[in-house]
Amino acid sequence: MVRWPHDLGLELRMVVTLFLLMVIYFVFIAVLAYIGVETLFLVAIVAIMLLFQYFFSDRMVLWSMGARVVSEQEEPRLYETLTRLCAIAGISRPKLAVVNSAVPNAFATGRNPKNSVIAVTTSLVSTLNQEELEAVIAHELSHVRNRDVMVITLASFLSTAAFFIFRNWLFSGGSVGTGGRKNDKAALLLIIPILAAGVWLISFLLIKALSRYREFAADKGSAILTGNPSHLVSALMKISGQMAQVPTTDLRKVEGMNAFFIIPAISGSSIFNLLSTHPTVEQRIAALERIQREMKG
Amino acid sequence: MTWKDALDALVGKTPLPKATIDNLFAISTASVTMQSEMNLKASSTAGLCFKPIESSQYDAARTEIEELLQISSKETGSTYRLTTDEYRFTWVVMEDPDFEDLVTGLHLVSQTLIERGFGSYLLCAIFRFENVKPVYWIYNFKQGRYYPFVPAPDKTRDNALEFRMRSLLERELPIEKDTGMWYPLWGIPL
Numbered sequence: 003m004v005r006w007p008h009d010l011g012l013e014l015r016m017v018v019t020l021f022l023l024m025v026i027y028f029v030f031i032a033v034l035a036y037i038g039v040e041t042l043f044l045v046a047i048v049a050i051m052l053l054f055q056y057f058f059s060d061r062m063v064l065w066s067m068g069a070r071v072v073s074e075q076e077e078p079r080l081y082e083t084l085t086r087l088c089a090i091a092g093i094s095r096p097k098l099a100v101v102n103s104a105v106p107n108a109f110a111t112g113r114n115p116k117n118s119v120i121a122v123t124t125s126l127v128s129t130l131n132q133e134e135l136e137a138v139i140a141h142e143l144s145h146v147r148n149r150d151v152m153v154i155t156l157a158s159f160l161s162t163a164a165f166f167i168f169r170n171w172l173f174s175g176g177s178v179g180t181g182g183r184k185n186d187k188a189a190l191l192l193i194i195p196i197l198a199a200g201v202w203l204i205s206f207l208l209i210k211a212l213s214r215y216r217e218f219a220a221d222k223g224s225a226i227l228t229g230n231p232s233h234l235v236s237a238l239m240k241i242s243g244q245m246a247q248v249p250t251t252d253l254r255k256v257e258g259m260n261a262f263f264i265i266p267a268i269s270g271s272s273i274f275n276l277l278s279t280h281p282t283v284e285q286r287i288a289a290l291e292r293i294q295r296e297m298k299g
Numbered sequence: 155m156t157w158k159d160a161l162d163a164l165v166g167k168t169p170l171p172k173a174t175i176d177n178l179f180a181i182s183t184a185s186v187t188m189q190s191e192m193n194l195k196a197s198s199t200a201g202l203c204f205k206p207i208e209s210s211q212y213d214a215a216r217t218e219i220e221e222l223l224q225i226s227s228k229e230t231g232s233t234y235r236l237t238t239d240e241y242r243f244t245w246v247v248m249e250d251p252d253f254e255d256l257v258t259g260l261h262l263v264s265q266t267l268i269e270r271g272f273g274s275y276l277l278c279a280i281f282r283f284e285n286v287k288p289v290y291w292i293y294n295f296k297q298g299r300y301y302p303f304v305p306a307p308d309k310t311r312d313n314a315l316e317f318r319m320r321s322l323l324e325r326e327l328p329i330e331k332d333t334g335m336w337y338p339l340w341g342i343p344l
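Residue numbers (our numbering), protein chains in the order written: chain A, 3 to 299; chain B, 155 to 344.
Calculated from the structure, these hints are not laboratory results. Just so we're clear, the structure is a prediction, and the values are computed from it rather than from any experiment. Positions of the beta carbon are idealized from the N, C-alpha and C atoms, including for glycine. Take the hints with a grain of salt, since some may be wrong.
Sample of chain A residues at the chain B side, in silico, Cβ under 10 Å [what the hints assert, rightly or not]: (1) Glu13; (2) Met16; (3) Tyr56; (4) Tyr81; (5) Ala91; (6) Lys116; (7) Ser144; (8) Asn148; (9) Tyr215; (10) His233; (11) Ser236; (12) Ile287; (13) Glu291.
Pairs of lysine-lysine residues, derived as BS3-like cross-links and limited to a Cα-Cα distance of at most 30 Å, are as follows [stated by the list, open to error]: (14) B:Lys158 - B:Lys195; (15) B:Lys287 - B:Lys195; (16) A:Lys116 - B:Lys331; (17) B:Lys331 - B:Lys195; (18) B:Lys158 - B:Lys172; (19) B:Lys195 - B:Lys309; (20) A:Lys97 - A:Lys116; (21) B:Lys158 - A:Lys116; (22) B:Lys287 - B:Lys158; (23) B:Lys309 - B:Lys287; (24) A:Lys116 - B:Lys195; (25) A:Lys240 - A:Lys210; (26) A:Lys240 - A:Lys97; (27) A:Lys210 - B:Lys158; (28) B:Lys172 - A:Lys97; (29) B:Lys331 - A:Lys97; (30) A:Lys116 - A:Lys210; (31) B:Lys331 - B:Lys287; (32) B:Lys331 - B:Lys172; (33) A:Lys210 - A:Lys97; (34) B:Lys309 - B:Lys331; (35) B:Lys309 - A:Lys97; (36) B:Lys309 - A:Lys116; (37) A:Lys97 - B:Lys158.
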């Protein structure tokens, strides 16, 4: 039988990462409250922003990537593959989108299966065979099932707030204050931008680590869903082999798209490790081979 | 979303749902209604679709299924064939003039797969009915419910007939309420 390959290390790392994020956020809020900064207003603004991103991320990402949602008649093979995976996973079927691009890639976006969109590039479809394509779609479907958009949105919440505090301080000429009144508090207020910058930097790194763990989890999800980890391995190898030949302009274009978002992982998750939000292909293949051994045992 | 779901989501772990087989037999009585109310006769073929797995234990399970099918076909006189479709899914297609034997046969095969731990990979069981054109009742193992599927030309569906099938059999067949889960299956090999 196929058991869920338990990777206690990975699960532990995720929990520890989330715990560290919470500790940092807690300290941040505590210090701000102690100093007496009106953070409530800022936190509210960031909350609204993230809520907006949470509810509209699917459309925003599709628009910025130039992805076109396709109908079942246009892409019968892709839809049939997705449909069967959804039936096995017991979830309602997300929409499918196609990006006209020479870079073989895929991403998933949306807060729940019903509102999700899984997008693949034209070159991915032409590069991979049926089983490999299924494995990549299963990987993206696992992001949807694991609710990665929600987890990363929650994880990045105060990181974004910290970023805005720091940016506000830069733009206001290095002064933080409600009225610019000179008092004993002025020195204390200088701590805020430094603290905010620190919180932002550390949480940024933690979120990247978290995204990498989510990638491993999605790879595992794909292995379970398809029952064949080796298909994702060959897909990853094909994609990464092809990536080396792609001209840099394309890479920069993809990179520029990522800069469009404050939090890279919110923009969905791409199958390839262009960004440090993804582990290296070698690491992923090694993890998949471990899963394969466990599934056989 | 329960606490366990939330915890699973937190560590990026969403297990596959288990297969439920209990409602499979409901099609037996439904076939009588299909005949009397809609003049749709149960076909002598029915199929089971599942995803093959890369593992020696799966190979063993598959061998066991083939042996089971051979034994049961001797007993009931039904015939069977195993095929792989273009999406690399495995189909067990059974043929028997007795509809009860068909349901029992498919139940046996799915039961074996579940017992060997491959229940999660059961895609569906399909029962065909026909008058002029074929209509299908598809059993989704994850929801444990049936839904109608009437293919029309150019990969479209005859929704009107599907809804009629639902309204006529609502009482005796557990039917999937969410029509968003009524996944089509094109190129059914039966």
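Evaluated hints:
Here the hint on A:Glu13 is kept, as its CB sits about 4 Å from the closest CB of chain B, short of 10 Å. About 5 Å separates the beta-carbon of A:Met16 from the nearest beta-carbon of chain B, less than 10 Å, and the hint is met. Contact between A:Tyr56 and chain B, as hinted, is not supported at the beta carbon level, the nearest pair being about 15 Å apart and thus beyond 10 Å. Given hint, A:Tyr81 at the interface with chain B, holds; its Cβ is 9 Å from that chain's nearest Cβ, closer than 10 Å.
Interface restraint check: A:Ala91 against chain B, minimum CB-CB distance 6 Å, threshold 10 Å, status holds. The closest approach between the C-beta of A:Lys116 and any C-beta of chain B is roughly 7 Å, which is under the 10 Å cut-off, so the hint is satisfied. A distance limit of 10 Å between C-beta atoms decides the matter here; for A:Ser144 the minimum to chain B is near 7 Å, and the interface restraint holds. With a least beta-carbon distance of about 5 Å to chain B, the hint placing A:Asn148 at the interface is held under the 10 Å criterion.
For the restraint placing A:Tyr215 at the interface with chain B, the shortest Cβ-Cβ distance is roughly 7 Å, inside the 10 Å limit, so the hint holds. The interface hint given for A:His233 is met, as the beta carbon of that residue sits about 8 Å from the closest beta carbon of chain B, less than 10 Å. Interface hint at A:Ser236: violated, since its Cβ lies 12 Å from the closest Cβ of chain B, which is beyond the 10 Å cut-off. With a cut of 10 Å, the hint placing A:Ile287 at the interface with chain B is violated, because the nearest CB-to-CB distance is about 16 Å.
A distance limit of 10 Å between C-beta atoms decides the matter here; for A:Glu291 the minimum to chain B is near 12 Å, and the interface restraint is violated. Simply put, B:Lys158 and B:Lys195 have alpha-carbon atoms about 45 Å apart, too far for the 30 Å limit, and the pair is violated. The straight-line distance between the Cα atoms of B:Lys287 and B:Lys195 is roughly 11 Å, inside the 30 Å bound, and the hint therefore holds. Simply put, A:Lys116 and B:Lys331 have alpha-carbon atoms about 16 Å apart, close enough for the 30 Å limit, and the pair holds.
Taking the CA atoms of B:Lys331 and B:Lys195, the gap is about 24 Å. The hint holds against a cut of 30 Å. A hinted pair counts as satisfied when its Cα atoms are at most 30 Å apart, and B:Lys158 with B:Lys172 qualifies at roughly 16 Å. For the given pair, B:Lys195 sits about 23 Å from B:Lys309 by alpha-carbon distance, which is consistent with the 30 Å threshold. Among the hinted pairs, A:Lys97 with A:Lys116 is consistent with the structure: their alpha-carbon atoms are about 8 Å apart, no more than 30 Å.
Simply put, B:Lys158 and A:Lys116 have alpha-carbon atoms about 21 Å apart, close enough for the 30 Å limit, and the pair holds. As the CA atoms of B:Lys287 and B:Lys158 are separated by approximately 46 Å, the hinted pair breaks the 30 Å bound. At roughly 14 Å between alpha-carbon atoms, B:Lys309 and B:Lys287 fall within 30 Å of each other, so this suggested pair holds. The suggested pairing of A:Lys116 with B:Lys195 is violated, with an alpha-carbon distance near 36 Å, which exceeds 30 Å.
About 25 Å separates the Cα atoms of A:Lys240 and A:Lys210, which keeps this hinted pair within 30 Å; it holds. With a CA separation close to 25 Å, the supplied pair A:Lys240 and A:Lys97 stays within the 30 Å bound. Between the alpha carbons of A:Lys210 and B:Lys158 the distance comes to roughly 25 Å, so the proposed pair stays at or under 30 Å and holds. Proposed proximity of B:Lys172 and A:Lys97 is supported: the alpha carbons are some 24 Å apart, at most 30 Å.
Straight-line distance between C-alpha atoms of B:Lys331 and A:Lys97 comes to about 20 Å, which keeps the hinted pair within the 30 Å bound. The hinted pair formed by A:Lys116 and A:Lys210 meets the criterion: a straight-line CA distance of about 27 Å does not exceed 30 Å. For the suggested pair B:Lys331 and B:Lys287, the alpha carbons sit about 25 Å apart, so the restraint of at most 30 Å is met. About 19 Å separates the Cα atoms of B:Lys331 and B:Lys172, which keeps this hinted pair within 30 Å; it holds.
Under the criterion of a C-alpha separation no larger than 30 Å, the hint pairing A:Lys210 with A:Lys97 is consistent with the structure, at around 27 Å. Distance restraint check for B:Lys309 and B:Lys331: the Cα-Cα separation of roughly 23 Å lies within the 30 Å cut-off, and the hinted pair is therefore satisfied. Taken as a hint, the B:Lys309 and A:Lys97 pair is honoured in the structure, with Cα atoms around 17 Å apart against an allowance of 30 Å. Proximity of B:Lys309 to A:Lys116 is assessed by CA-CA distance (about 22 Å); at most 30 Å being required, the pair is judged to hold.
Proximity of A:Lys97 to B:Lys158 is assessed by CA-CA distance (about 27 Å); at most 30 Å being required, the pair is judged to hold.
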